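We have chain S already, so just place chains E and W on it with the hints.
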Amino acid sequence: MTQAPVDEAAQPAPSSPAPGAPRRRRTALNTALVTALALLSALVVGAVLIAIGDEKTRGALGYFFAYPWDAFSFGWHAVSAAYVALFQGAIVDPSTLSSGDLGRILAPISETLLDATPLICAGLSVGLAFRAGLFNIGGQGQIIIAAIFAGYVGFAVHLPIVLHVVVATIAGVVGGALWGGLAGWLKARTGAHEVISTIMLNYIAYFLLLYLLSVPGFQAPPYGQAISNNVHATARLPHLLGSGLRLHFGFVLALLAAAGTWWLLNRSTLGFRLRAVGANSAAARTAGMPVESSYTVVMLLSGALAGLAGISQILGTNPAITGDIDAGFGFDAITVALLGRANPWGIVLAGILFGGLHAGGLQMQASTGTPVDLVVVVQAMIVLFIAAPQLVRSVFRLRPEQAVGQNLAKGWNG
Amino acid sequence: MSIAESPQQEQIIVREVVEPPVSTRRRVTTGSLLVVAGLLAVLAFGVGADKGSAVFGLNAASDTPFDVTVPAGLTAGLLGLVVVALGVYQLVRGFPRRQTRWVVAGALVSLVVAFLCWAASAGSTVQITGLLQQSILSAVPLVLGALGGILCERSGVINVAIEGQMLSGAFAGALFASVAHNLGVGVLAAVLAGGLVGALLAVFAIRYLVNQVILGVVINLLALGLTGFIYDALMQPHADQYNSPGVFSAVPIPLLGDIPVVGPVLFQANVLVYATYVLVVVVNVALFRTRWGLRTRAVGEHPKAADTVGIKVLRIRFVDTVLGGCVAGFAGAYLTLGAVGAFGKNMTSGRGFIALAAVIFGRWSPNGAVGAALLFGFADALQTGLTIIQAPVQIPSNFLAMAPYLATLFVVAGLGGRVRAPAADGEPYVK
Amino acid sequence: MKLELRGITKRFGSLVANHGIDLVVEPGEVHCLLGENGAGKSTLMNVLYGLYQPDEGEILVDGRAVHFDGPGDALAAGIGMVHQHFMLIPVFTVTENVVLGHEEVAGGLLDRRRARDQVVEVSRRYRLDVPPDALVGDLPVGVQQRVEILKALARDAKVLILDEPTAVLTPQEVDELLDIVRRLRDGGTGVLFISHKLREVKALADRITVLRRGKIVGTASPDASAAELAALMVGRQVKLEVDKGVARPGEPVLQVEDLRVLDPSGTVLVDDVSLSVRAGEIYAIAGVQGNGQTELTEALVGLVRPDSGRIVLDGKDITRSDTDDVLGAGVGYVPEDRMHDGLVGPFSVAENLVLDLYDQPPYGRGLTLNMGAVQRNATERVAEFDVRTSGVDAAASTLSGGNQQKVVLARELSRPLRLLVVAQPTRGLDVGSMEFVHRRIVRERDRGTAVVLVSTELDEVIGLADRIAVMYRGRIIDELPGGASPEDIGLLMAGQSLESAPAASTSAGTTSATSTPTGTSAGNVPTGEAS
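Chains as they are written, first to last, in this note's numbering: chain S, 19 to 432; chain E, 775 to 1205; chain W, 224 to 754.
Because the hints were derived from the structure by calculation, they are not lab data.
Each hint should be verified, as a subset may be incorrect.
Claimed, not checked - Cross-link-like lysine-lysine pairs, in silico, DSS-like; alpha carbons within 27 Å at most:
| no. | chain 1 | residue 1 | chain 2 | residue 2 |
| --- | --- | --- | --- | --- |
| 1 | W | K225 | W | K381 |
| 2 | W | K381 | E | K1086 |
| 3 | W | K438 | W | K420 |
| 4 | S | K74 | E | K1119 |
| 5 | W | K225 | W | K438 |
| 6 | W | K420 | W | K381 |
| 7 | W | K225 | W | K420 |
| 8 | E | K1078 | W | K381 |
Because the structure is a prediction, the values reported are computed rather than measured.
Same shape as in the complex, but just chain S:
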């Protein structure tokens, strides 16, 4: 028989168009559009909340049917004031432009990028683990342990200026790596699902921190508050925009980490292996790849990235360790990673966006009294809208695309 092979009739034809640059560009545009629409929708939901939270609007709702205009005008006023303050806190306050004082003009950007730093690092941590098929919910614990290690080196040891910060950074990264690696090792050796083990490790780390904050040697005198000793100036990360603004070198580290993560995933043999294990661990195993040790390795790396977030907190932003040194970044990072589609550069952009929301939110609370929790709501809503593209599409009538979380749908059994 020398006939050419015949295509099977029963195979469903691939529904995706021809690959190559045009397709990738179209998908990227599509993604950007969905993200923008999700952001818009989330802000609308936020607006509703602001209106409800505003005293005047609530009062006007009482007589809504008699004179609806009041409710609308008060509501509009509250929402616009809040969102304007958000913008001013995140990007720039136009009133400062005329002053010529660079410090005041750049302050919002500085805050935005400052908040973005740990978000990017922790987001990379979550994203890297995703690509290898693991959920790292343990960012909180990894940040805490990293802060403990780095902070301790920072205040208990005396070293010359550059060396001190380098050693402290390494200590922090090692701490985060160990805490993440522990969960990875447990999964590799015992099959323990990393979601449970990382959540448990979060709490263990948290209580460990609380304990340390009550021990002299770690706790700062006069031992009344749960705060650690101050980190020495020699161990602190240098400022990027002058000492008047808080933005520090951690941001540069975050960008370097993003570049490194991109290279690792796309241009390295280790990354090839991690992606294979994440996409189909059975096939990876059959091809001879060591699956279990891949879990350990990726959790070590993931923990190290979260550790970077931790060191940026203790060696950059904060003077000493407190019980909330992790500031919720461990969980925020999950939303960052989702928004960034587990892709390093997407995560950078997502981190900056959410950093802006954080920074702006503080300004918003200060200026208009709108509780800063609104930002958390907006963040979560953006992700929900992203995660359900059909929802956004059916609302805005766009073309279908692969949902972001779908290929990760797995259960406890692995």
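Same frame as chain S, but now just chains E and W:
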């Protein structure tokens, strides 16, 4: 050699089975752990106890206390030796698989009693009744959260959002009970709020096929943000109006409440606690004895099989998830309306995750989860109780607070046997 | 009850899975639907059973048009289905599985006693013995299928659809199943029997309809010859042989000694197996799925740890080696489930082609990947193996089954091999791809590689093998030369040794009366039987 004897006989004999009773590795691990723990108990609690007796305070009825006095070090040491003996037996021979669980439980109880002996040896009295009472009260939200989680997970939807459901329930309960000046309305609102969050989980997980773990985390964030926002905007500035619901008062049950020891612990609580007891029984019966329960479990194990016999898979999952949310919301109602009396930001502080741990610890069985929740509640009560007792050496409460999480970590790592979720848990059903 | 399909059409996007199908099942008859893998049989059944909605056409029950929104409606109408992959819940008992969906309720609670009585009664009525209280997961496959059939009968099915029921049965179990079907037919039930196995279809059918590429291409009576039926199924005169030259075996490459593999609960899956494969020969392992072949191949490549025994490759002991080391020692492995174990779906064709070599020069040095080398390799392989794809960067999941298998084969054959292990290499492939795969396997053998072929398809085994081993219940029952008859092999597959069997072979072809292999043979294939 012909095979055509009795077809049935032939078929039932499957294959030759080479029989290892329990996996050797597990036997050795459990055995060694028991031996080590027992030895530690003997040394730390037996030898390390102060000279003197341990006094355990019990209550016959609410106002006739009686004490049990035992020599502290001796009792602790003996109990430790018992545990060592169990460990040695496990190492050498090994208990049959079924019994191992009970053996470990028994060892755990012995260790705890030994620990209490030691703690009390410096002269203070350990109020057992109080300890057990507090255990139950701490355990109630965990039990309810775990039941909610089980309802959801048994049908195949992972519920990491128990925390968010609880928080929403606590919030709604406080808010609506305050506004309506009626605790019952608050409870209803809490249940509905939990159900609403459950519906959110259900829609995104079942209809939009979002990954359920991520979804749970995001929903928790959303609940945290929303409740925090409204707390700051509404409840805190106007606490009298929006955040003072009050608490259900205790209602002792006439006969049962007078039983020595057990009575004060179990039957002198408020109506929400009694509802919890009922709920435990109801969920058990419903899951294993009703048609709905059979179908739920079928859907959680093999949804395609259920579909082919005409069962509406998606609908069952949806209903179960919402129901699970309702029960978790009820847990939140207990927090505000049964215990504290007002809402505070993030007041659940991780109880939802402990409830999830209880579900896993209990291997997705209602009784197992309830047992685990009771254990965790006991640990919580112990932590508070120890600060009162002057133990020979002060133990940092933070380490005791870690205990439930460490325990779950050990269980998940397989030290208590392989953990097996419902087969289709977490996998969205697509035709 | 008379069941009729008129003009049923079902599309998936641009693919027409069923095109204008007309079919009638009369009460008390067995109507066999014959077709290759991918002909559209399963889709049709899913439409009939209410799992899919037809785009055109209608279903008539006793002359009345009906509409099924879901399986519940089909069940209510009296249609029962026995699925190819059992729809049973392993952790439930037999009783629970049978009553699921129509449970008896007493006072709000499940009526367990009534349910059990019902199961026992139905089981007795149709003479289908099942243990009502056993957990389904503990039962052997043949009994599980009985439970599956009982499920349908317990619902008073008037028409029973059986979808490829014999795929996982031993020949003995197949005969029992055919008896059951005949009894049901005699009792008045209409049966729609779907299969691609000509022998069974000829043995059972009252009427035969042949499906190909979504359309009905003909009807036949059971008297039609196998060759005729095969031609209808495939669309041209099929040569049921493989062009194969004489083997020139060399020294033994693979020696397996007393290999024993256990499953986690202690059951013996591979029971003291010993075999030896020489360079330049194809050693086939035949047997019904589930008799230990999978575990044997997994042990060979290091995916599973044997409990005892030795595996020696070229004199080197690889019993406890990692998969990586085994592959590196010159072993190629084509797993039986290509999408699950052979390819990473979201990865591109190029990436899949270096799945095992990515970390070695020229593709990878240390930590760095050489993307250029990966691309070049992909372009060459795709051309050499004629892989139909929209580009080397296309995701592997977009390829058809045949092309996917070619990618796996290309990857394994792209390095020098001492041993090639292929499991079910042509499962789910169209005839053209099948021929391609067979040719490449023979070519590899002719280059001096030792080949271990594991297959459940008798024609493939008979067509390709130089030596045939039959596995049953974890043991190699016997070894036969390549020209053995299907009857002999079939008997061995059922666990019977050839000596005790009465004159078993009735067709031409060599019969081996002893149990020891007698050396290689030429590739002579009896062409009478087609399945």
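Tested hints:
In summary, the hint linking K225 (chain W) to K381 (chain W) is supported, as the alpha carbons are separated by about 9 Å, within the 27 Å threshold. The straight-line distance between the Cα atoms of K381 (chain W) and K1086 (chain E) is roughly 23 Å, inside the 27 Å bound, and the hint therefore holds. At roughly 19 Å between alpha-carbon atoms, K438 (chain W) and K420 (chain W) fall within 27 Å of each other, so this suggested pair holds. As the CA atoms of K74 (chain S) and K1119 (chain E) are separated by approximately 24 Å, the hinted pair is consistent with the 27 Å bound.
Our distance criterion of 27 Å between C-alpha atoms is met by K225 (chain W) and K438 (chain W), whose separation comes to about 22 Å. Of the supplied pair hints, the one linking K420 (chain W) and K381 (chain W) holds, its CA atoms being roughly 25 Å apart against a limit of 27 Å. The straight-line distance between the Cα atoms of K225 (chain W) and K420 (chain W) is roughly 26 Å, inside the 27 Å bound, and the hint therefore holds. In summary, the hint linking K1078 (chain E) to K381 (chain W) is supported, as the alpha carbons are separated by about 23 Å, within the 27 Å threshold.
In the structure shown, no violation is registered for any of the earlier numbered hints.
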